[in-house]
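Whenever a hint applies, use it, and build me the whole structure from the sequences.
First to last, the protein sequences are chains A and B.
The first sequence maps to residues 0 to 328 in numbering that gives the first Met the number 0.
The second sequence maps to residues 0 to 353 in numbering that gives the first Met the number 0.
Warning: the hint list may mix true and false statements.
List time: in silico DSSO-like cross-link candidates among lysine-lysine, alpha-carbon distance up to 27 Å [stated by the list, open to error]:
{"no.": "1", "chain 1": "B", "residue 1": "Lys128", "chain 2": "B", "residue 2": "Lys93"}
{"no.": "2", "chain 1": "B", "residue 1": "Lys271", "chain 2": "A", "residue 2": "Lys256"}
{"no.": "3", "chain 1": "B", "residue 1": "Lys128", "chain 2": "B", "residue 2": "Lys77"}
{"no.": "4", "chain 1": "B", "residue 1": "Lys128", "chain 2": "B", "residue 2": "Lys39"}
{"no.": "5", "chain 1": "B", "residue 1": "Lys267", "chain 2": "A", "residue 2": "Lys256"}
{"no.": "6", "chain 1": "A", "residue 1": "Lys135", "chain 2": "A", "residue 2": "Lys92"}
Derived by calculation from the structure, the hints in this document are not laboratory data.
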Amino acid sequence: MSTSSGNTVLQVKGLKKHFPVATSLFSRQKTWLKAVDGIDLEIEEGKTYGLVGESGCGKTTTAKMVLLLENPTEGEIIFDGKNALDMTKEDNKIYKSSVQAVFQDPWASLNPRMRVSGIVGEPLVVNSTLTKGQIKTRVEELLVEVGLQAYQADLFPHEFSGGQRQRIGVARALALKPRLIVLDEPVSALDVSIRAQIMNLLEDLQEEHNLSYLLIAHHLATVRYMCDKVGVMYLGRLVEEAETEELFDNPLHPYTKALMSAALPSHPDIEREEIILTGEVPSPINPPIGCHFHPRCNLAYEPCAETPPEVAHPVPGHRVVCHLYPPEG
Amino acid sequence: MNNETRIGDVVLDVQDLRTYFVTRWGVVKAVDGVSFQLRKGETLGIVGESGSGKSVTTLSIMRLVASPPGHIVGGQVKLMGEDILQLDEGEMAKIRGDRIAMVLQDPMTALNPVFDIEDQVGEALKIHKNQSGQGLKDNVIEMLRRVRIPAPEIRIKDYPHQLSGGMRQRVVGAIGISCDPEVLIADEPTTSLDATIQAQYLRLLRDLQEETGVGIIFITHDFGIVAKMCDRVAVMYAGKIVEQGDVRQIFNNPSHPYTEALIQSVPKMEEKAQRLYAIPGQPPVLFDLPDACSFAPRCPYAMEKCHQAYPPVFDVGDGQIAACWLREDGASTPAAATSAADAEAAPTTTEADD
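Following this line, the structure appears as structure tokens:
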């Protein structure tokens, strides 16, 4: 599809997640909240794929499906040529240890009653055949690798600061030598002066272990720093996707342009064209017909309200879903 | 923006404000000698990380610090020349919401879920301006219109849960400006909002400021918001203002290593950084801090002196001041924190901006 040169680690095809919602107590008719409504993406080995969008656009639901924490309504998640949604028990076990996660809130994602040794060692207890002694050594190695000290394995999470806790979360994700780590807003809960430490740590680990990342973020500057390829989501659909530099230098979709214009400047002298979107993201229960973005789009014309746009590649490797860009062929 | 015509006289003058928390484990000097001025129509950004004392500073100005354990142990907060720290509680209550108003971070907890919008926006008008009946209702509708809430005649009967996050924050904004305050304290008002909604809200605050000339104190940890919104910036670290100055000076010529490091550690959307500068270590715990620069343990330029004494405030020129021993040479005399732009402006170039 795109100009993929490296090996694909994970491929997502036509992925959908629709949640049933009860409209009234007595109605039998079900309405559906279309959290994710058909997305395709490919994550390459050793690369970072960023999913950006505002709250409610479906980026976290996508991450949960990749982690098999949420059952997709439709679609495929292909890992090593096999569909993760239809795997043998053996393969499933391999998948779950190859795909790990680091979550947003390091206060909520670590069990306060467990020592660090237990938290970081737990995946090893469950998924490996290492002895107690070997696990202890491995945990200490992992802690050193993420910039903590071996003796800290005996401490509890409350004895650490936010940045250190996030390092513990990273160590836990690394324990099973995964190939893909899902990073769901890994720095947004941290103090500003700590964020760069964690981002640099993640970059270093990626280089060392040839890790792939799926980064969920809303902060465009973080995405530009961390990602090789970026997908922009709006109301359950991927509206644009390109290599990071191409996307930031040449955004095509009106929503992407509006997001970038809304991003805060890094210097007071930077004056951006202000595209202030009117209104807010509509409810995914009753998404607008046609293009989901058309009620807020300043460039919308007749077809936008009637038919959903199709995928176009105005620039090779740059995918956009918008009526302004007619599909090829 | 033509700052000269927009910005007027000093409305709020904070001098050497100190707020300490006395706990079983020791004294926390959450705010330790903070001085700044806010002018009419001006936006002052107070930037800092969690625990730097920026929120306690504004709570002290409002005299809303829980006591015990908190005590305002010293300093002055002059609103149009009158020290409001000396007022009794009844007089202070008349100022809160009327002459100094606040917009808080989380609109869901700032609004009361069991009262409708009309009650909540009208409350301050009822108490401070003695309005009632149809006049009050008309004013509430007018306030909602000013914060760009569509169909305000219908919306005033809504409860907070019926509004979206962006709308709720607008309602909080309407409450803030309802009595036409001289000072509006905005404590991270957009951190819970999405990017495009944040852009709408920041634009709204700026429009309201242009209409009313209110002075805004913007509490934030985000230099992006500072770059977009503020005229002047005060950077706080461990309870003290370490640097203060005009927004462009702070960005072009940061004179305290902490400011410089913070600006360099934030990724930019405009270009891809090769590698971010990561500030080593963590912010200090505020119990019984030694008499030394609190940033020294994390500072790449730290000298012996930095670990021995807290630096005085040095004038860097053009009203920019920094509490850092690096600025000792090149700055003529330690400047008082109040020194305005007309103080002797020695243009100093600093080795800090490389």
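Problem - Straight-line alpha-carbon gap Lys128 (chain B) to Lys39 (chain B), limit 27 Å - result: Given pair Lys128 (chain B), Lys39 (chain B) holds - Cα atoms ~22 Å apart, limit 27 Å.
Exercise for the section: Given the hint that Lys128 (chain B) pairs with Lys77 (chain B), test it: the Cα-Cα distance must not exceed 27 Å. Expected result: holds, 23 Å
Problem - Lys271 (chain B) paired with Lys256 (chain A) [C-alpha distance capped at 27 Å] - result: holds, 18 Å
Problem - Holds or violated: Lys135 (chain A) to Lys92 (chain A), with C-alpha atoms at most 27 Å apart - result: Cα-Cα ~22 Å, so holds.
Exercise for the section: Please work out if Lys128 (chain B) and Lys93 (chain B) have their alpha carbons no farther apart than 27 Å. Expected result: Status holds; Cα separation ~10 Å.
Handout entry: Satisfaction of hint between Lys256 (chain A) and Lys267 (chain B), Cα-Cα up to 27 Å
Key = Roughly 16 Å separates the two Cα atoms, so the pair holds.
This entry satisfies every hint, going by the numbered hints stated previously.
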